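A.B. asks: Sequence:
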Amino acid sequence: MANDTNLFQNLISHCKEYGYIFQSSELYDGLSAVYDYGQNGAQLKKNLRDEWWKSMTQMHENIVGIDAAIFMHPTVWKASGHVDNFSDPMIDNKDSKKRYRVDHLIEAHAETLAGPEKDALLQQLDQLLAKDDYAGLKKLIEEQRITCTVSKTCNWTDVRQFNLMFKTEFGAVASENPEDNIVYLRPETAQGIFVNFLNVQKTGRMKIPFGIAQTGKAFRNEIVARQFIFRMREFEQMEMQFFVRPGTQMEWYNYWKETRKKWHESIGIPSEKLRYHNHIKLAHYADAALDIEFEFPFGWKELEGIHSRTDFDLSQHAKYSRKKIQYFDNDLDEQGKPYGNYTPFVVETSVGLDRLFLTILSLSYAEETWTKEDGTEDSRVVLKIPAKLAPTKLAILPLVKKDGLPEIARALMDDCKGSFMCFYEEKDAIGKRYRRMDAVGTPFCVTIDHQTKEDNAVTIRYRDSMLQERIPISEVKKKILELIS
RNA sequence: GCGGAAGUAGCUCAUUUGGUAGAGCGGUAGCCUUCCAAGCUUCAGGUAGCCGGUUCGAGCCCGGUCUUCCGCUCCA
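In terms of this note's numbering, the first sequence is numbered consecutively and its last residue is 717.
Accuracy of the hints is not assured; some may be wrong.
DEER-style ranges, computed between Cβ atoms [said to hold, decoys possible]: (1) Gly531 <-> Trp285: 42 to 52 Å; (2) Phe303 <-> Gly479: 27 to 37 Å; (3) Met698 <-> Lys439: 15 to 25 Å; (4) Ser697 <-> Trp285: 27 to 37 Å; (5) Lys555 <-> Gly531: 50 to 60 Å.
Treat the hints as calculated values from the structure; they're not laboratory data.
Just so we're clear, the structure is a prediction, and the values are computed from it rather than from any experiment.
For glycine and all other residues, C-beta sits at the position ideal for the given N, C-alpha and C.
Model the full structure from these sequences, guided by the hints.
C.D. replies: This is the structure we're talking about:
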């Protein structure tokens with residue numbers, strides 16, 4: 233485990249050193265739990281996103297993709313439950329370190345009091361909550377000598393609100409009531425799909441069962457954000473909401489459970505590093521939920537969530553918008569009658585793109601040592617990123633930077649760069665260039681040497697095996713295209 | 001959020017009780033022309049995380065703060 237931790241530290245350093253991940257605003261000492269993707273990270277992330285997008289939309293005829301805005305009408309988050317369920321004032325006991333919801337703490341205390349006193353206290357509580365008077369709430373707790381059940385002390389921190397959602401102001405002109413101007417940065421992309429359900433269903437003439445996919449940023453004001461890019465305050469989700477006939481949700485839940493795990497395996501994650509974890513305690517909207525977990529260097533953690541969300545979201549939006557959000561199902565039931573109007577049920581697949589990125593990198597990172605033929609030790613640090621995901625596919629290297637070799641290399645570069653990402657390098661000894669390519673995870677190198685001028689052949693060198701072979705220069709592009717497909 | 005540890009050049013680290021900040025690697029430019037890094041030469045790069053205090057003098061001592069890591073707590 234100590235070794236794993238060490239390896240993970242080294243991976244984090246490696247990510248910075250080779251242009252994968254930088255801490256946000258590092259110039260100003262950084263912003264906690266926010267990270268930037270560098271030149272190689274952005275490309276790897278895009279490749280992962282494209283792979284997911286293709287598997288969802290192109291490979292499923294009944295799934296389409298959208299791109300909803302991050303800003304949404306504030307009522308969306310009232311309907312979804314995010315406003316009410318995640319904005320409660322909290323307080324910590326300094327001795328026991330236990331955290332309480334302030335309203336629960338005071339209500340529990342009120343239960344122990346006589347009728348009139350109890351009513352007076354609850355009334356006071358409501359007034360303070362309505363005014364967001366946190367100082368007043370703390371004073372009330374202290375006046376009432378409310379103690380922690382664990383430590384039995386009345387030694388409390390200040391009352392704080394842990395609001396999950398980031399707020400900002402919408403529009404240039406301040407309203408009389410500041411509440412009117414509040415918009416939230418979405419804490420999940422799913423709601424952008426739900427509010428567009430009818431738009432997509434009607435304009436795309438979609439028939440149930442069908443899905444809507446979306447990738448995009450989401451924002452959560454996490455109390456504790458840790459483990460590098462595993463839990464960030466700004467992150468990217470890849471979600472797909474699959475709309476099904478009520479009663480068939482478990483069937484589809486199981487379908488997506490299988491399908492998604494297989495997809496992860498298809499991009500190179502070994503199946504023994506993946507497992508399911510069923511949720512015992514369900515969220516307010518779900519009737520079944522599980523995580524696909526990956527064994528990160530810091531333990532088994534959620535990579536993707538599969539949730540059966542029932543008709544909760546669509547029903548809530550129907551209620552809050554006072555619009556009918558239903559689907560007319562022309563398919564015939566067992567009695568030969570159309571299923572008719574209903575609110576579809578939803579099965580959600582939701583994977584964290586940043587977590588997937590971290591998964592691929594932690595699988596790819598390796599520190600290797602071996603003994604050379606002459607008996608001396610050699611070593612390298614290599615990112616064995618699957619070729620189809622690697623940021624740069626091919627490095628084109630003239631053995632020396634004269635004798636016409638760079639010209640041949642440049643011509644090959646021009647031939648290939650329209651088809652996949654290439655990198656040209658003529659500085660330093662060839663071995664050193666190979667090591668640099670290993671470190672950034674470029675799977676293939678092609679070296680142009682003096683013999684190339686005679687036989688039009690080049691050496692292709694494979695990152696993972698370090699083996700080399702000789703192929704005609706005219707076949708390089710075709711060969712690489714095969715290897716990355 | 002609580003407790004613990006850490007922060008010196010891009011990276012890894014020196015600077016042994018407080019006395020003007022150094023190395024290796026890496027980078028740059030050139031030489032060499034060589035199929036698995038570490039040959040030669042050149043150059044660049046740090047107000048020691050930041051702010052304050054003690055002191056004649058602080059990278060080093062003290063306080064605060066920011067960031068990261070570990071443990072706990074939280075996590076729709």
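A.B. asks: Does each hint hold? Answer for all of them.
C.D. replies: Outcome of the hint check:
Distance hint check: the CB atoms of Gly531 and Trp285 are about 29 Å apart, inconsistent with the given range 42 to 52 Å. The supplied range of 27 to 37 Å is met by Phe303 and Gly479, whose beta-carbon atoms lie about 36 Å from each other. For the pair Met698 and Lys439, the supplied restraint of 15 to 25 Å is violated, since their beta-carbon distance comes to about 52 Å. The given range of 27 to 37 Å is respected by Ser697 and Trp285, whose C-beta atoms sit roughly 31 Å from each other.
Take Lys555 and Gly531: their Cβ atoms lie about 45 Å apart, and the range 50 to 60 Å is violated.
In summary, the numbered hints that this structure violates are 1, 3 and 5.
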